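S.K.: Listed below, chain by chain, are the residues.
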Amino acid sequence: MSEIATTPVVSARGVTKRYKSTVAVDGLDVDIGHGITGLLGPNGAGKTTFIALVLGLRLRDAGELIVLGHDPASSGIDVRARVGYAPEHHNLPPDVHAADLVRHLGELHGLPARAAIQRANDALWQVGLGEERFRPIGTMSTGQRQRVKLAGAIVHDPELVLLDEPTDGLDPLQRDDMLALIRRVGSEFGMDIVISSHHLEEAERICDAVVILGGGSVVRAGRLSELRRDSERLIVVVDDRAPELAAALRGHGFDVAEHGETVSIVWADGVHDAVRDAVADLGVGIRRLGPERQTLEDVYMEASA
Amino acid sequence: MSSEQGARIFDVGYRSYDGPRSAPVWALVTVWKHTLQRVLGLHRSFRHKVLPAIAVLIAFLPAVVFVGITAFLPASQILNEILPSYGEYVGETTMALALFASLVAPEALCTDRRTGMLDLYLAGPLDVKRYLAAKWAAVASVMLVMTIGPQLFLLVSYTIVSAGPSLGDAPLLIVRIVVSGVGVALFYTAVAMGVSSLTTRRAVAAVATVLVLLVPQIAVGVAVESSDAPEELTLLTPSVATEFAFRVFGEARGALNDDPPIADVPTGLVVAGLAGWILLGGAVCLLSYRRQGARR
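Chains as they are written, first to last, in the numbering used here: chain D, 1 to 305; chain U, 1 to 296.
Don't read these hints as lab results, they were simulated from the structure. All of these numbers come straight from a predicted model, not from anything done at the bench. All C-beta atoms, glycine included, are put in the ideal place defined by N, C-alpha and C. Keep in mind that the hints are not guaranteed to be accurate.
As the list claims (entries may be wrong) - Pair by pair, the computed Cβ-Cβ distance ranges are:
#1 U:Ser16 with D:Gly169: 43 to 51 Å
#2 D:Gly215 with U:Val29: 38 to 46 Å
#3 D:Asn91 with U:Gln37: 53 to 61 Å
#4 U:Ala53 with D:Ser141: 31 to 39 Å
#5 U:Leu211 with D:Gly169: 54 to 62 Å
#6 U:Ser166 with D:Asn91: 51 to 59 Å
#7 D:Asp71 with U:Val64: 53 to 61 Å
Said to hold, decoys possible - Heads up, incomplete: computed chain U residues facing chain D, CB under 8 Å, no partners named:
#8 Gly19
#9 Asp119
#10 Leu122
#11 Ser157
#12 Thr159
Isolated chain D (complex conformation) (with noise of 0.2 Å):
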């Protein structure tokens, strides 16, 4: 069993969802905690499965799913009352204006018409289309429609998000705009976000926790802090003469690999002083000099090998 938090918002056990012959979802152990959480795999791994499983739009096979204290198989609508939720695909009603969906979304949600129609303006602000708000959706870009299905997400202050794919479509520019919105509104506005994204890069940076998918299990679960631990070689990197460092470090006795003006060397004792001797011998200068720290990616690879 993979644990994030100690109080979930999402707890899963033996979960299992079978379509005929295909297992998408195979026995899925996880919590997921406060915070902001990246449900991270390839296409196929099973995540939208698990969001339409967390919703109650798919009945599990096997197994026991808990959102929000509640199970999504006999009491859907109430989880979905909690949930805010933005999916995958950019179709919207063309012909309605951001505000006007929003706030239908907002009341669909239970929220009172006067109420809806402020709060609905109060997301489209807090997202960056206070001034777009009464353009007809069909109007606007990728990158806007993006950020009106966020607003109809968290309109009605959920306690819980689901973004799927939400950065699918943008430009680099907009995906940087957006992942800080997340960001903002994961630490900010108070609500837990369960973030669906195959870019491991965009988990890494918003993310307080992951959960790696990969062919409908939990491949690593935790908090980001703990699966990017420290690994055990210290990196240098220097100006020039790489080669020669690694040749002195090596004739100390030490474990060494070299890459371009990246010197890698297993810890051991005595490890900072011989670097510290051998690059004032050669008198290079050092550009970092700290422990190897793996990346998600890293952390992918290793547990997907």
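Could you slot chain U onto chain D? The hints should help.
M.R.: Chain U alone, transformed into the frame defined by chain D:
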């Protein structure tokens, strides 16, 4: 604005909501209201208002004309010769109902699936049954205005010009108007919604609805009149809705159109036939949405 003037701008940031929330079941009312606005073209451009307005106008126009006639001619002269009975007036509204069912009603279902709104709805406090119930209710609401509205208008107007029922007969007549109106409205709603659930294209739904309304009518009409096919076959045609209205009003069917004969079919079978059409429409809707992956 300067601080010397005492005005300051605050960034209020995000504010959480701790006000009242309605129960999830009210989501159904929200969808009903929104769909009603969509099909009537409210909050939309003028072109979206044209077809529903024409349909409602066609439903009410004969009633307005008949009331106008009664205002100028003595009711005793025209009551049985010119003015239609309440049952016959249902026949006058079928064109409007067919127009609305084929050209306007598909908006209620097709657009949600084509534009992805269905995903947003079903990710909210709704399930497929509640969603479809709200959609049916919205379309049926307009149909009811077109079936019951003109009849009540006729009743009130006839009463004003002293051509209406007696005070004792009025309540029963109102009940008959409502029952027949509900039956006919649900029939056309079932046809429109059943067909619309099978396609995301409104144009396809429009053509298919017209075919569903016309083809059985023609085929059964030809079969019954040219051979010894049983009259009960007429229950498979839209005539079952108008015949239901005739039976509710206790009227004999006049020779006002070329509908297939159905006069000798027992009333129970007519009611069953109408219920069959409505249930079939509902079943097609549910099965279609279940097949597309939407649960419950």
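S.K.: Run every hint past the structure and note whether it holds.
M.R.: Here is what the structure says about each hint:
1. U:Ser16 with D:Gly169: 43 to 51 Å: With Cβ atoms ~30 Å apart, the hint is violated.
2. D:Gly215 with U:Val29: 38 to 46 Å: holds (43 Å)
3. D:Asn91 with U:Gln37: 53 to 61 Å: Given about 20 Å between the Cβ atoms, the range is violated.
4. U:Ala53 with D:Ser141: 31 to 39 Å: holds (34 Å)
5. U:Leu211 with D:Gly169: 54 to 62 Å: violated (39 Å)
6. U:Ser166 with D:Asn91: 51 to 59 Å: holds (58 Å)
7. D:Asp71 with U:Val64: 53 to 61 Å: The hinted range 53 to 61 Å holds for Asp71 of chain D and Val64 of chain U, with Cβ atoms some 57 Å apart.
8. Gly19: Since chain D brings a Cβ to about 6 Å from Gly19 of chain U, closer than 8 Å, the hint holds.
9. Asp119: holds (5 Å)
10. Leu122: This interface hint holds because 6 Å falls under the 8 Å limit.
11. Ser157: violated (36 Å)
12. Thr159: With Cβ-Cβ at 38 Å, over 8 Å, it is violated.
The earlier numbered hints that this structure contradicts are 1, 3, 5, 11 and 12.
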